[in-house]
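J.: Chains A and B are the protein sequences, given in the same order.
Mapped onto this note's numbering, the consecutive letters of the first sequence carry residue numbers 1 to 399.
Mapped onto this note's numbering, the consecutive letters of the second sequence carry residue numbers 1 to 399.
Simulated from the structure, these hints should not be mistaken for laboratory data.
Warning: the hint list may mix true and false statements.
[What the hints assert, rightly or not] Result set (BS3-like, lysine-lysine): computed pairs, CA atoms no more than 27 Å apart in a straight line:
1. A:54 with B:2
2. A:222 with A:9
3. A:12 with B:121
4. A:121 with B:2
[What the hints assert, rightly or not] FRET-style restraints, in silico, Cβ to Cβ:
5. B:195 with A:37: 36 to 44 Å
6. A:344 with B:196: 40 to 48 Å
7. A:55 with B:196: 33 to 41 Å
8. A:19 with B:58: 29 to 37 Å
9. A:10 with B:76: 18 to 26 Å
10. A:298 with B:328: 20 to 28 Å
11. A:11 with B:238: 24 to 32 Å
12. A:76 with B:76: 21 to 29 Å
13. A:389 with B:114: 39 to 47 Å
14. B:223 with A:78: 50 to 58 Å
Virtual Cβ for every residue (Gly too), placed ideally from N, Cα, C.
There are 2 protein chains.
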Amino acid sequence: MKQKELLIKTTKENPKDEKSINAQLLIRAGFIDKLGAGIYSYLPLGLRVLENIKKIVREEMNNIDGQEVMMPSLLPKENWEKTGRWNVPEMYKLENNKFGLGWTHEEIVTPLVQKYTSSSKDFPKYIYQIQSKFRNEPRAKSGLLRGRDFIMKDLYSFHNNSEDLDNYYEKVKDAYFKIYERCEIKDKTYFTLASGGEFSSAFSHEFQTITNAGEDIIYVCKKCGASFNKEIFNKECICGSKDFDEKKSIEVGNIFKLDDKYSSVFNFKNEESKNILMGCYGLGITRVMGAIVEVFHDERGIIWPKEISPFKVHLISINADAEEIYNNLQKEGIEVLYDNRDKSAGEKLYECDLIGCYLRIIVSEKTLEKLSVEVKKRKEEKTQLVEIKNLIEFIKNEL
Amino acid sequence: MKQKELLIKTTKENPKDEKSINAQLLIRAGFIDKLGAGIYSYLPLGLRVLENIKKIVREEMNNIDGQEVMMPSLLPKENWEKTGRWNVPEMYKLENNKFGLGWTHEEIVTPLVQKYTSSSKDFPKYIYQIQSKFRNEPRAKSGLLRGRDFIMKDLYSFHNNSEDLDNYYEKVKDAYFKIYERCEIKDKTYFTLASGGEFSSAFSHEFQTITNAGEDIIYVCKKCGASFNKEIFNKECICGSKDFDEKKSIEVGNIFKLDDKYSSVFNFKNEESKNILMGCYGLGITRVMGAIVEVFHDERGIIWPKEISPFKVHLISINADAEEIYNNLQKEGIEVLYDNRDKSAGEKLYECDLIGCYLRIIVSEKTLEKLSVEVKKRKEEKTQLVEIKNLIEFIKNEL
Chain A
1 MKQKELLIKT TKENPKDEKS INAQLLIRAG FIDKLGAGIY SYLPLGLRVL ENIKKIVREE
61 MNNIDGQEVM MPSLLPKENW EKTGRWNVPE MYKLENNKFG LGWTHEEIVT PLVQKYTSSS
121 KDFPKYIYQI QSKFRNEPRA KSGLLRGRDF IMKDLYSFHN NSEDLDNYYE KVKDAYFKIY
181 ERCEIKDKTY FTLASGGEFS SAFSHEFQTI TNAGEDIIYV CKKCGASFNK EIFNKECICG
241 SKDFDEKKSI EVGNIFKLDD KYSSVFNFKN EESKNILMGC YGLGITRVMG AIVEVFHDER
301 GIIWPKEISP FKVHLISINA DAEEIYNNLQ KEGIEVLYDN RDKSAGEKLY ECDLIGCYLR
361 IIVSEKTLEK LSVEVKKRKE EKTQLVEIKN LIEFIKNEL
Chain B
1 MKQKELLIKT TKENPKDEKS INAQLLIRAG FIDKLGAGIY SYLPLGLRVL ENIKKIVREE
61 MNNIDGQEVM MPSLLPKENW EKTGRWNVPE MYKLENNKFG LGWTHEEIVT PLVQKYTSSS
121 KDFPKYIYQI QSKFRNEPRA KSGLLRGRDF IMKDLYSFHN NSEDLDNYYE KVKDAYFKIY
181 ERCEIKDKTY FTLASGGEFS SAFSHEFQTI TNAGEDIIYV CKKCGASFNK EIFNKECICG
241 SKDFDEKKSI EVGNIFKLDD KYSSVFNFKN EESKNILMGC YGLGITRVMG AIVEVFHDER
301 GIIWPKEISP FKVHLISINA DAEEIYNNLQ KEGIEVLYDN RDKSAGEKLY ECDLIGCYLR
361 IIVSEKTLEK LSVEVKKRKE EKTQLVEIKN LIEFIKNEL
């Protein structure tokens, strides 16, 4: 894509009404536009990032036999009244008092799977969707970390017995860590015991990514590494230790054993008259996008991980024609953003660092004299001259 | 995918509360589930169909330089008040009286593109999204043809002058016909003059697909082929003829020259102080899915066009092991639904016709005796024995 045509405008000043780093950088770099508190449009660069995250999540959900569906967002009052959640503060209700907007889907997926199963042989079933969610969020001040109109992946599992639920719960945990690995935040992410909240009377588990911007506080046991959300922390670890690190973190995923909390409401039983057991597994796609920016940035801008980068390559021409190089990269299926605009080298490099694509390639008179281009990873300072005749192979090795 | 694991349950009886063929067949065949009038869940088969249609639409929009974005669904009252559309009957308002749900996005995209452009050199711009829309629809009785929570592609174009708008309008028209060609409804689809409605004081154009289920009526000139929506039909064609065919049809797309209707409200001008001119181009993804079912079905079920089919191949084993054939097809990247359930041949073939995948492959003792399988297209009656050793090549040729 040629940058001249792209719907983008970068700015040097931070937006006055945004305090979070993720919103400041994503707005300044032209990834998102703010329509209201917690409500953003995703511009072409931003949507590409979202689609990259969705692709990873979808692949890892399919790898654990998840089946993708899409439930509505306009949800009838009756379903929520059955579970007593019609009047919770999260719910956006419509003026007609007939519908609420989906902020979670237990009330829909439980009777749905009930209808499409008939025998204990039909279980387990694993059903997920990736979709807009709506939440009446009073504190929508953290950019993509806390939205009113946001995108979430929610997976629901259905089991005949608790052993089966326990096994799948572990599988989901592993799949989540694969997702975080591909997003390059795994090393900073803790599997943390937390309260069950609205969803469950028992505990839940959160995936908490360490960063200074975190709204959550977790305690990590210095002896065994177990971690606990502040809400439920009681100063002694299961291993007996009382020695903890306190860390700020962002919740990037949350999984619950619902057991029969919802199946009992809908009278969803197997032939043996036992309630079907459920698990529920959330992961905020837009929130992960925000968390990645909080973790990966410097004073110059965003530093996208390889698989998440909106374009793998940002190609910059400085007083030189890079059209042929651009065409060759495109032909090889490499995603390139090509900046051939009539701007100064300084401006182009400034914007390039702000946007933060994984690789930067500079083509200038100087590099062309050596039949070469200059290649640099956004996350490293080192630059490297690569001969044009070897460029495709070099780039493919880096990707 | 193995059918045993799929979230699906087919029924022989038509649902009592659905009168349209598309809803009856899609529900009976396990593609969609009804949550309320005009509100459906897309089950795994249904979502696959939607994704196939989205892919076609996305490719054809990108081919005419469309840039994909995603605007929110939760839209502030102020934007709608500016254009005087806050109180239109289509709008679902929230109880808090601050937000309305997006049923179209002129009020959002116009100031958005205004913000991200600064010079006449920045035009034209072509911005689209594929996304849930919400519409307070009193007559939600036509299945996917008229939803309250549905999916639409909406493209908006921005121009310096009307010549440029006119040229792009023609390009979009061609792109739409390419979409309908890939959906195999092009031959039945007319480019029809219609009223501008809410959007424009001038005329608009609709793409109307002929089918008995159509809620619209169009008049096609027997002399020149021009067609007119009943709303604006005045009994004489531009060519002078007064001889018309009256046909029932479904609107599968609708395009408008908005000119400066919205840019003038938002004071969106170029340097020469001329209002930016806009076009707006809608295409209902879920509606096209419904229209395809209305056009392509018989008394046994749905007949999916090749590119739309949820799986390209439905593999049926009858008292035989087709596991190796299934694995080989999968390995070659061919999308296969494999029915190895413990059911009678009659039941399996009944369901296979109801679901309507493009190709059916039967593996039975009889075919295996001849080291062969039986291949049949859903849309044809002819069956063909194909040797297993040639199967992959044969199938690839058919797809």
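J.: A separate judgement is required for each hint: does it hold in the structure or not?
T.: Verification of the hints:
1. As the CA atoms of residue 54 of chain A and residue 2 of chain B are separated by approximately 24 Å, the hinted pair is consistent with the 27 Å bound.
2. A C-alpha spacing of about 46 Å is found between residue 222 of chain A and residue 9 of chain A, which places the hinted pair above 27 Å, so the restraint is violated.
3. The hinted pair formed by residue 12 of chain A and residue 121 of chain B meets the criterion: a straight-line CA distance of about 22 Å does not exceed 27 Å.
4. Taking the CA atoms of residue 121 of chain A and residue 2 of chain B, the gap is near 14 Å; set against the 27 Å cutoff, the hint holds.
5. At about 38 Å, the CB distance of residue 195 of chain B to residue 37 of chain A agrees with the hint of 36 to 44 Å.
6. Roughly 46 Å separates the CB atoms of residue 344 of chain A and residue 196 of chain B, a value that falls within the hinted 40 to 48 Å.
7. For residue 55 of chain A paired with residue 196 of chain B, a C-beta distance near 40 Å keeps the hint of 33 to 41 Å intact.
8. Checked against the hint of 29 to 37 Å, the pair residue 19 of chain A and residue 58 of chain B passes, with Cβ atoms roughly 35 Å apart.
9. The hinted range of 18 to 26 Å is satisfied by residue 10 of chain A and residue 76 of chain B, whose Cβ atoms lie roughly 25 Å apart.
10. The hint said 20 to 28 Å for the Cβ distance between residue 298 of chain A and residue 328 of chain B, and at roughly 50 Å that hint is violated.
11. Taking 24 to 32 Å as the suggested C-beta distance range, the pair residue 11 of chain A and residue 238 of chain B does not conform, at roughly 50 Å.
12. Between residue 76 of chain A and residue 76 of chain B the beta carbon distance is about 25 Å. The supplied range of 21 to 29 Å therefore holds.
13. One distance hint, 39 to 47 Å for the beta-carbon pair residue 389 of chain A and residue 114 of chain B, holds here, with the actual separation near 45 Å.
14. Evaluation of the 50 to 58 Å hint for residue 223 of chain B and residue 78 of chain A yields a pass: the beta carbon distance comes to about 55 Å.
When the structure is compared with the earlier hints, violations turn up for hints 2, 10, 11 and for no others.
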